[in-house]
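Chemist: Residues per chain, in single letters:
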Amino acid sequence: MRLDILNRGYGAGTKALFTVIRLVSRHPVPDAARLLFYRPDFYGARMKEVTQRAMRGPSGWSVGDRELMAAYVSTVNKSAFCIGAHTATAGRAYHDSPKVAAVLADLDSAPISEPLRATLRMLGTLTREGTLTAEGVQAVLSAGVSRQQVEDALAVCFAFNTTNRLADAFGFELLSPAGFEAGAGYLLKRGYR
Amino acid sequence: MPIPARVAQWNKVGLNRVVRHIAPWAPGLAVVVHRGRRSGRAYQTPVNVFPTDDGFVIALTYGADNTEWVKNVLAAGGCQLRTRGRVLEVDSPRVYHDATRRGIRAPHRYVLGLIGVADFLSLRRQTAHRALTDRILNGAGTATRDLRASAFANDGLPPPLDALVGKVATTPTEVTEADFAVARAAGFSEDQLFELVVCAAVGQSSRLYEAGRAALARAADTREEG
Chain F
847 MRLDILNRGY GAGTKALFTV IRLVSRHPVP DAARLLFYRP DFYGARMKEV TQRAMRGPSG
907 WSVGDRELMA AYVSTVNKSA FCIGAHTATA GRAYHDSPKV AAVLADLDSA PISEPLRATL
967 RMLGTLTREG TLTAEGVQAV LSAGVSRQQV EDALAVCFAF NTTNRLADAF GFELLSPAGF
1027 EAGAGYLLKR GYR
Chain X
249 MPIPARVAQW NKVGLNRVVR HIAPWAPGLA VVVHRGRRSG RAYQTPVNVF PTDDGFVIAL
309 TYGADNTEWV KNVLAAGGCQ LRTRGRVLEV DSPRVYHDAT RRGIRAPHRY VLGLIGVADF
369 LSLRRQTAHR ALTDRILNGA GTATRDLRAS AFANDGLPPP LDALVGKVAT TPTEVTEADF
429 AVARAAGFSE DQLFELVVCA AVGQSSRLYE AGRAALARAA DTREEG
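Line by line, the protein sequences give chains F and X. Numbering-wise (the working numbering), the first sequence opens with residue 847 and increments by one. Numbering-wise (the working numbering), the second sequence opens with residue 249 and increments by one.
It is worth saying that the hints were derived from the structure and are not from the lab. In this text the structure is predicted, and so the values were computed from the model without any measurement. Hints may contain errors.
Some chain X residues near chain F, calculated using beta-carbon distances under 8 Å [what the hints assert, rightly or not]:
no., residue
1, Ile-270
2, Pro-272
3, Thr-315
4, Tyr-344
5, Ala-347
6, Val-423
7, Glu-425
8, Phe-428
9, Phe-436
10, Gln-440
11, Ser-453
12, Gly-460
13, Ala-467
14, Thr-470
Where a beta carbon is used, it is the ideal one built from N, C-alpha and C, also for glycine.
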């Protein structure tokens, strides 16, 4: 990563934990996880809570839907690390990688429900343009999405607009496809805590 | 003042001692855990609470002025609330006067009307998002609070920080090693840059989040009217 403290500035306990994770998973600890362990009292601890609630907390959206939103927002931001991580996680959660690939390639023609399509479109507009009109949200509500579901999708959007920016600013190192798959397995089993 | 000062004093020493044991779990009651503005001492004050969509309203039965715990909560920007056997973090305290006592359920509204209570304190349940932004902006850090606030707002930063933070906020894929190198050369430490980049990312994303929530609120209002 572009700050040396993010590569080396960890205490002995955290370094030992990284070693255990590397031995057990047979993959290096992804930069996304390392960042959350750097001075966790400043950022990591609370961001984990934000992300866990958005991605795994109670919601009208499935885990797969929310991982797809994460992958979609990351695609709009062209954030390579997060695209890799959440494309893999959404594909696993749905047991349907082609569906995820279809959404990311062309949202309009992808085989997903209209409420989810309208919601992804809204998140894309917000992420790309930084604003959203009431009419834009109306269209989503009219597609059958509840107010709470819009709130939940906006929380996912917040978490990944933040993580995308940090991934690209700090320069997260990309993982191999096997590394992203292993990370996806972990995120589905253990979540973001 | 709806309840006379002498009664307030008696309450402080007598009634509160009893209520303090009931308030943490009884419906409609809560204990406000707050700290003295100057002493820093922890205090527990039993209160009436009414749940709202995103938090609680507390009836200020002794009025809004000169109530020490209210001053403490306003100064701290929040407090803990022990209610129904749980401990909740609440923030965004707001004192308001409402003679119609809107949002308070009928029997309570009637009782509060009889004793002439029309001052309230509203508090919002602290969301994970607000806990994060509050920490990075107001907690301890190596970068000054002013710099962190400017990075969060992507506004008013001196060069060369403005270039780095501007990219993090708007074109993060264009951030390069050189952006960090220039900032280091200007005397900023790695920890300061870590904090400022985090503030920039969270700040921009928070603006998107708030824009989305505002659009949702407007859309929902239109639907209810239509």
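Chemist: Could you work out which of the previously given hints the structure breaks and list their numbers from low to high?
Modeler: 1, 2, 3, 4, 5, 9, 10
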